[in-house]
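2 protein chains.
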Amino acid sequence: MSEFRYNRLKDTWSIIAEERAKRPHDYATHVHEEEVGDVKRCPFEYGNEFMTPPEIFAIREEGTAPDTPGWKVRVIQNKYPAVSPETPDNREFECIYDKVSGFGSHEVIIDTPDHFKHIQNFEDEDFKNIFIAYKHRILELSKDQRIRYIHIFKNHGREAGKSLVHSHSQLIATPMIPKAIDTQINQCRKYFMEKERCLICDEVKLELELKTRIVHENEYFVVYCPYASLYPFEVRITTKFHSFDFTSVVEKPFLDSLIDAVKTAVRRLHKTLINPPFNMVLYNTPPKREIPQNPTYFYNIEKFNHWYIEILPRIAILAGFELGTGYHINPTPPEHAARYLREVLL
Amino acid sequence: MSEFRYNRLKDTWSIIAEERAKRPHDYATHVHEEEVGDVKRCPFEYGNEFMTPPEIFAIREEGTAPDTPGWKVRVIQNKYPAVSPETPDNREFECIYDKVSGFGSHEVIIDTPDHFKHIQNFEDEDFKNIFIAYKHRILELSKDQRIRYIHIFKNHGREAGKSLVHSHSQLIATPMIPKAIDTQINQCRKYFMEKERCLICDEVKLELELKTRIVHENEYFVVYCPYASLYPFEVRITTKFHSFDFTSVVEKPFLDSLIDAVKTAVRRLHKTLINPPFNMVLYNTPPKREIPQNPTYFYNIEKFNHWYIEILPRIAILAGFELGTGYHINPTPPEHAARYLREVLL
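If you read the protein sequences in the order shown, they are chains B and F.
Just so you know, we're using my numbering here: the first sequence kicks off at 1 and counts up by one.
Just so you know, we're using my numbering here: the second sequence kicks off at 1 and counts up by one.
A portion of the hints provided could be inaccurate.
Below 27 Å or equal to it, Euclidean Cα-Cα: the simulated BS3-like pairs (lysine-lysine) are [stated by the list, open to error]:
| id | chain 1 | residue 1 | chain 2 | residue 2 |
| --- | --- | --- | --- | --- |
| 1 | F | K128 | B | K179 |
| 2 | B | K99 | F | K10 |
| 3 | B | K99 | F | K22 |
| 4 | B | K190 | F | K179 |
| 5 | F | K10 | B | K211 |
| 6 | F | K22 | F | K128 |
| 7 | F | K240 | B | K10 |
Which stretches of chain B does chain F cover? Using the computed rule of at least three CB atoms under 8 Å from a CB of chain F, they are [claimed, not checked]:
| id | segment |
| --- | --- |
| 8 | 254-262 |
| 9 | 275-283 |
| 10 | 292-302 |
Since the hints were made in silico from the structure, they are not lab data.
The beta-carbon is built from N, C-alpha and C at its ideal position, and this holds for glycine as well.
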């Protein structure tokens, strides 16, 4: 018997369809191992720095110059940007329609100089470097008052939207708070208004008691499959204590725990689903701004909003039902997914 | 220069990214011609009716019995249903979470007995049959007061979520109004509350004046690429007059116009994008119900809600940006898409 489960954070319902119950090997979508590409022509290789826009940030070996080899992680503007810092931030109309010029920042974080190293093989040092790069770019972009949200994500595998083989993350900063982020903030605010408690803290506390949907935990972090997962084998990584700001955990004493949590989640997914394509998404709290349409938007946000990282395996195809309704059919109950992920041998 | 365009109906923004401007042949995803499958084992063939659950509705040659050959269109319950009419409609809690048992109806509309005929080759008669089947099922399911929405869609091609090759549509009826439908209803209501006009009627009127985003029009219908299209080559098909109820146009004098509009849209997409995978979705007005949480939900709905059919080509991959933010990057401005679709030789 299937059931609808309410995803309070995203304000939608997931249909957990046990009739269709799928075990890991029933999902046939894997990242192809042969996906290597031509290393010499890859713009993310040592020596090919001239092929990309100039670097915005990098962690480098001492004494190496920007836009030359020697970096461990390197951030650049996307060569084909969806939004650009050079575009003015104009709000306009066009007949009965509303538009905003494409202001923002679209950046590529080159995770590693190693063309052949993918996230499932990242070492602690690699994760540390990319998290520091994320943190640095968030703090830097937050200074620009026109930026209202900074979205960081990673596409793993072609089926998840990755276009260049060499491992990289992306950042898109926008002059509006995107709809899905706004929905989550409003849902967390509503919960807080009623209970004076953080929604995600409550979920985490319950999940740690129940243990059925927990994949992994360490001193500061927990990895679990949410009750109303929209995607099969969806995984959430967050803090066991209340934390609204991702940048605050990219430092001692939390950083090692964060690295362990993300690394474990990625490796367990990789092993269980045999290199599935996935999207990794960071949901962080937007920087405080004066929002003209809603001057109290940020009131108490540090109390009710809770950052997290989500991994969405792209092993089931989104079809006319999901795209049309916003509901999702999930053929693997999160309790099953968590058990598979917990029990797989690394 | 890219721009954000507000999609008022869906309350989100599309980034029309001209820097990435893509022409039809830049999209590489096509439905594979060799996708034929084993005809003899296909449950949707004449003579294989025993392989499916019993038929709920069919248009048949006179004198043929249910669940035997002779049908032109045939509706059955999905063998692996996401929701089921036999499940009770129970609203429950589980710890701090909310759930509803998987009540509803998950039906398959077998569009044609011809295994090799796909929607781009449908003749008027085929379209007529499936629209009559849609109408019949909507009217029938609307009688069940527990059903709050009837979602009809068609997945074309594996990349759009189609699992069986033989052409079919699907219907999923749910005991709640799905989030995306609810958003559209609320957006149309808000517009009506302010202007006492229908949002889609206003858009259609403007588009017919501008002509730049029009793909096709006939006596009663218009086919256009919406201003803030979320998907490249997204196409909307709707009435030039106000109409809140799809079933009311599946009859004279509108039916021929409807068939012409959908057929033209499908064939022009097929030719322009060389058999792209796509989802076709019917957005209809839900049957009137007493919604306890909102007793005035349906007040004036026949005035502000406007049904439409949407075709979403699946030629660009939804990645971590789209899934995380609800914003979409669309690399083909709808003005360009409409021109390509208008000018292609059929």
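Here's how the hints hold up against the structure:
1. K128/F x K179/B: violated, 38 Å
2. K99/B x K10/F: Since the Cα atoms of K99/B and K10/F sit roughly 15 Å apart, the hinted pair holds (cutoff 27 Å).
3. K99/B x K22/F: holds, 21 Å
4. K190/B x K179/F: holds, 17 Å
5. K10/F x K211/B: violated, 38 Å
6. K22/F x K128/F: Not satisfied, since the Cα-Cα distance of roughly 34 Å exceeds 27 Å.
7. K240/F x K10/B: violated, 35 Å
8. 254-262: violated (count 0)
9. 275-283: Holds, because 4 residues of the segment 275-283 of chain B bring their Cβ atoms closer than 8 Å to Cβ atoms of chain F.
10. 292-302: violated (count 0)
Figure legend: structure checked against the earlier numbered hints; hints not met, in rising order: 1, 5, 6, 7, 8, 10.
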